[in-house]
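Add chain Z to chain Y, keeping to what the hints say.
Here the protein sequences come in this chain order: Y and Z. Taken in order, the first sequence gives residues 452 to 627; the numbers are from this note's numbering. Taken in order, the second sequence gives residues 15 to 151; the numbers are from this note's numbering.
If you are wondering where the hints come from, they were derived from the structure by calculation, not from laboratory data. Heads up, the beta-carbon is just placed ideally off N, CA and C, and yes, glycines get one too. What you were told as hints is all true, and nothing was included just to trick you.
Facing chain Y, from chain Z, some residues (calculated, C-beta under 8 angstroms):
1. F104
2. A106
3. K107
4. L108
5. P109
6. M112
7. P115
8. E116
9. F118
10. P119
Residues from chain Z that keep clear of chain Y, each with C-beta distances beyond 12 angstroms, as calculated:
11. M15
12. A33
13. S96
14. T99
15. P138
16. R142
Label-pair distances were calculated between CB atoms; the ranges are:
17. K498(Y) x N42(Z): 20 to 28 angstroms
18. S50(Z) x E615(Y): 33 to 41 angstroms
19. A560(Y) x M114(Z): 37 to 45 angstroms
20. I52(Z) x T500(Y): 28 to 36 angstroms
21. K18(Z) x E615(Y): 58 to 66 angstroms
22. F16(Z) x K498(Y): 55 to 63 angstroms
23. L619(Y) x S50(Z): 30 to 38 angstroms
Take a look at the letters that make up each chain.
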Amino acid sequence: MKKLSLFLATLPALAAVFAFTSAQVWTIKETYSIQFSNSDVNGIFKKFTGSIDFDEANLATSKFNISIDVASINTGNGLQNKHAKGEEWFDAAKYPYIKYTSSKIEKTATGFKVSGQLEMKGVKKDLSFPFTFVKNGNGGTFNAEFSVNKNEYKVGKSGDSVGEIIKLKISIPVKK
Amino acid sequence: MFKKSLILGLISGILAGIASLVYAQIYNSALGTDFSTIAKPSGIIITCIISGLLAATGFYFSTRWFKHTGEIIFNLSFTILSFITIMGPFAAKLPLTMEMPELFPGLTVPMHFFPVLAWLTLKPLLFRPEKTPFYPA
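The shape of chain Z in the complex, shown without the other chains:
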């Protein structure tokens, strides 16, 4: 179970990292910004993978401690935590040589939701929902 969680965390982290890089590429070319010295591609990938692995650990323990509601609690917590972290880009103080710091949150805030999106997207593939028997009336 824990190994399966970690695999899901790793894959969803990599996927979120790739999605973030694609988004950054589109954002930078559309708006003419360049925050690559602040949000480095390697840093983005590593952060997403760490986020995925932490989520895997959280998922394992929450489903272990709360047998029936663990998944609900975990999904809710992961989404709320992702939402809370968006305060970081708004509060970030960039180097003074960096142009247009007001566009930095627009780049990084969506990235904060990619790990949770990747997790929720991939989870049904690895943890198939239990089939409930259908009894026609």
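In isolation and in its complexed conformation, chain Y is listed as follows:
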């Protein structure tokens, strides 16, 4: 009985410690941008959802969970958009989302590095990329630039006219 009382008494303290150590949950602002480009094609994804738990002082509990709506792709050309959503490319009907789930976030000399799994067109692969976080008052902006080999995810045909390396530029403004 005494042990139970002691346990119950320490619960609020444990909860407080847990709350203090869990990463900050950020709300994604509408002004985000997800751009992709290579020498042959460029465009944006207009819609994405996700959760960003990030605390510079507590990277162990920080995590990203992002889901990009494939159907929201915009290359600026209607025919290209239709082609991109088609079976040969992203196959939006069968694979409506591109997902990224982080597993580890580390501090680097220039910012941070996130490691995790990227799922695109049903293919899951480990992907690490650098990013920065610039604080601005009650919010901040996450910026990342990295490349993905489209052939590894069976996006498009291998050896087609579009180069295999696609550069991604992501900017996600957030608020508390």
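For chain Z alone, kept in the frame of chain Y given last:
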């Protein structure tokens, strides 16, 4: 003859421009699109007038070089050229901030035919066909 052609080109160009603006207004209000930053009203009018004036020049020279078949060659060429130019809207790459680029050809492709339609509609008014005498059997 050349002056008359130019007048026809100018009038048909203005008419095609007005028709294009009316069509754009109907299209945008019906489908909720707004491509006015790409296909600007002033640009549409100017393009239609230039098209009309080029057609006038083409008509003048084709009827001069080919006395009997000049008009047929010109009408055919004008229509085929109008048809070829529709590849432009399909290939156009709009700014990425522009919503629904797949609806852009639907707006601009019909506009590519308005100059030729205006020309063919107005031509009989300025260049009256020669009357062929009717000999009853």
